[in-house]
Amino acid sequence: MADHSQAAHAHQFDDIKQQHEADSLGMWVFLTTEILFFGALFLCYGIYRHAYPDAFASASHYMDVILGGINTAVLLGSSLTVVLAVHAAQHGERKRLLVFLVMTIVLGCVFLGIKGLEYSHKFAEHLVPGVDFQYAGPQPGAAEIYFVLYFVMTGIHALHLLIGIGIMTWLAVGASRNRYGPDYYAPVEVSGLYWHFVDIIWIFLYPMIYLIHVYR
Amino acid sequence: MKMEQNVDYLNVAYGPRSWLLSTDHKRIAILYMISITFFFFVGGFFALLMRLELLTPQGDLVAAHTYNELFSMHGITMIFFFLIPSIPAVLGNFLVPLMIGARDLAFPKLNLLSWYLYIIGGIFTLTAMITGGVDTGWTFYTPLSTAYSTTNVIPVVTGIFILGFSSILTGVNFIITIHKMRAPGLTWFRLPLFIWAQYATSIIIVLATPVIAITLLLLIVERVFGVGIFNPALGGDPLLFQHLFWFYSHPAVYIMVLPSMGVVSELITCFARKRIFGYYFMAAAIMAIAALGFLVWGHHMFVSGQSVYASMVFSALSYFVAVPSAIKVFNWLATLYKGSISFHTPLLYAFGFIGLFTIGGLTGLFLAALAVDVHVTDTYFVVAHFHYIMVGGAVMGYLGGIHYWWPKITGRLYPEGWAKFSALVLFVGFNLTFFPQFILGYLGMPRRYHVYPPEFQVLNVLSTAGATILGIGYLIPFTYLIWSLRRGKHAGPNPWNATGLEWTTSSPPPQHNFDKTPIVTEGPYAYPPFEKTEVVHGGS
Amino acid sequence: MNNDPSIRLYFRIGIILMLLLALTISVAYIDLGPYNIVIALLIAAVKATLVGYFFMHIRTSPRLVWTFAIGGFFWLFILFALTFSDFLSRPI
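Protein chains in written order, with the numbering used here: chain A, 1 to 216; chain B, 1 to 540; chain C, 1 to 92.
Simulated from the structure, these hints should not be mistaken for laboratory data.
Warning: the hint list may mix true and false statements.
Some but not every residue of chain B turned toward chain C, in silico, with C-beta under 8 Å [said to hold, decoys possible]: (1) Ser18; (2) Trp19; (3) Leu21; (4) Ala183; (5) Phe189; (6) Val211; (7) Leu292; (8) Leu295; (9) Gly298; (10) Ser307; (11) Trp503; (12) Thr505; (13) Gln511.
We treat Cβ as the ideally placed atom computed from N, Cα and C, and that holds for glycine.
Generate the whole structure from the sequences, applying the supplied hints.
Written out as structure tokens, the structure is:
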């Protein structure tokens, strides 16, 4: 009936269990590289925020706290749908797996949509460094650094999310063809780990970029 | 007696597709070997031009800006496209599965991808260097690289960025393979030290490379959009670039030297026919070098404006990192002591490594002292120091390993006479090239200059003479190793009578490495004690 | 599905995460001077830990996974600590 017996393992492994463990550990090691990758950006941000606290605070007033907050909720929700998808795959619930994967994709697209909206606002307000940047507040040089870091950090994050959506789509196609089940669900689990990591990056990005001086 | 034609990984399939689409770690290792050899000679060509210019005190061969491009491209090519991949991508790729009794690495397709990323990065950078060059030094300091240089910075940096991913994939592959695919009975403390070295190197790769990747990306953003993350005129701090750059580039030197140390342990034990002295300390020292190597990067920035307090911290930490390296040198010597030594070529390279790495390491300690560094930084003293480590250390280890495992990789023996001769030529050439540079640097000759005061000419001429000998010395193995592929004597499975799982399978190995997964019951380097061999010599 | 204890746990964690988000935003509107960023980052760390521990299954993962997860952050800490040691001990 349900054909999820891709229990044949790759030739370099002894059995499917070893393959699953290798795939999982492989993703974790890759995520370690991502911690350092994004971490270096957080360092740049930390150094300059320490150097120019007032400029960063006033520049952050151009950020939309509500849109950012909605996006954070969207990603947190998508982490929930991902872990439910993994659970479904693990328990052979084919339809549920597909549903949760599609929900994850939708939530990811919502995030990117809102992000695109925010970017378009910045373009309209001439707050894109290098593209006719016009900042009216104090310390425009420092503010420009804030916006450079904003675009680079959220841009790279968005790129990672886009890749994640691609991966989830590929998983959804496979799920619709019964590829995943209790004896072979490593790709779902491993992709889930990646997605959660992208969520964690945003969990830190949001307060650091949007919530500097909101009470003013 | 004619040897029958066994099926091995080389003759199992022919044709370019079987090589360019192979996921066999042994074939990928060969692809890497050919590619890095090409880049080695490209980098060497840049060096040759530099040394020719430095024959005379005046700038008469090339203009100043051309010289800037030459030393930049020499450094970029040698570091990123030769040294960083060298032992891991060639010897590591070939040997890690064999030494642990596995059929392949954990992720063979990612392995092939890593080679393609290397090639794409290499083509990007090489094309950019040929069509316009880059003059920022391999260190790409800002704001020269971001705001003032008019050379091909962006494509060169893009190529290195791509190469970073190649490196990361190799590192990830080795870590998972060593954790998860060891043969039954092969516990961590039964692993050959070469594997420990590859593991530690892979940890460094995984932790350090992402930082330089993002740094180079920020460099490109700054250059393209004219913003000032690292530009003081626009509110940025060039020192932030340097911190990020050296956070990778100092551990990178351990990426380059640790695998070589792993090779040396294999060579010394085999050709002294003795267990390694202090195996646990050797393994611990490897891990300590990897860890401590991350804590010292500020010693490259003592005179750039880094605070005195941070400099003092980095200086003190730099002294610590020398300790595990010294432990390794002492233990190699202790292994040789009272060993049954046979002076085959690989051992000659191991000797070269020990001596030259010791000099390089000691001079590193001199540089770690703030008061000394203030005087000799940015002089030829530093140039000599790192060449003693990179060439005298890393390259010697690479060549020793290539010779040692050549029979396993190709099924052929190299000609021992020529090999010994060229090892000697290389040793002489190397010292003639770089020892005068210690003196030049101490006397005050700055690096990265194509002109110098006339009183330095004699030492420069000696150095160029040495470089010529060194260049010839590299061509000799290049020639006889290729010659041996067709005309070398056929090798048996274990021509050196060495221990290690790689020697238990045929030379060259079959595609799947082992006919039956080996079961390991003892530690590495289990050479019989010498007393016993006397008894065996009865003659049966 | 609602009988499965792990499913209920996931939903509970999800709700806690949303509440922590609401907390983050509300606290941001109160002037606590330099402590705003400290509290914001602390709450973020708690959220990240919940996602890691429960959603990424670190809770039930082998020690090796713990080592890489924690090790990555520890190494990042080294980058931060030594770099800041320079920037904090000189005027920018």
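- Determine which of the earlier numbered hints do not hold for this structure and return their numbers in increasing order. Result: hints 1, 2, 3, 4, 5, 7, 11, 12 and 13 break, sorted rising.
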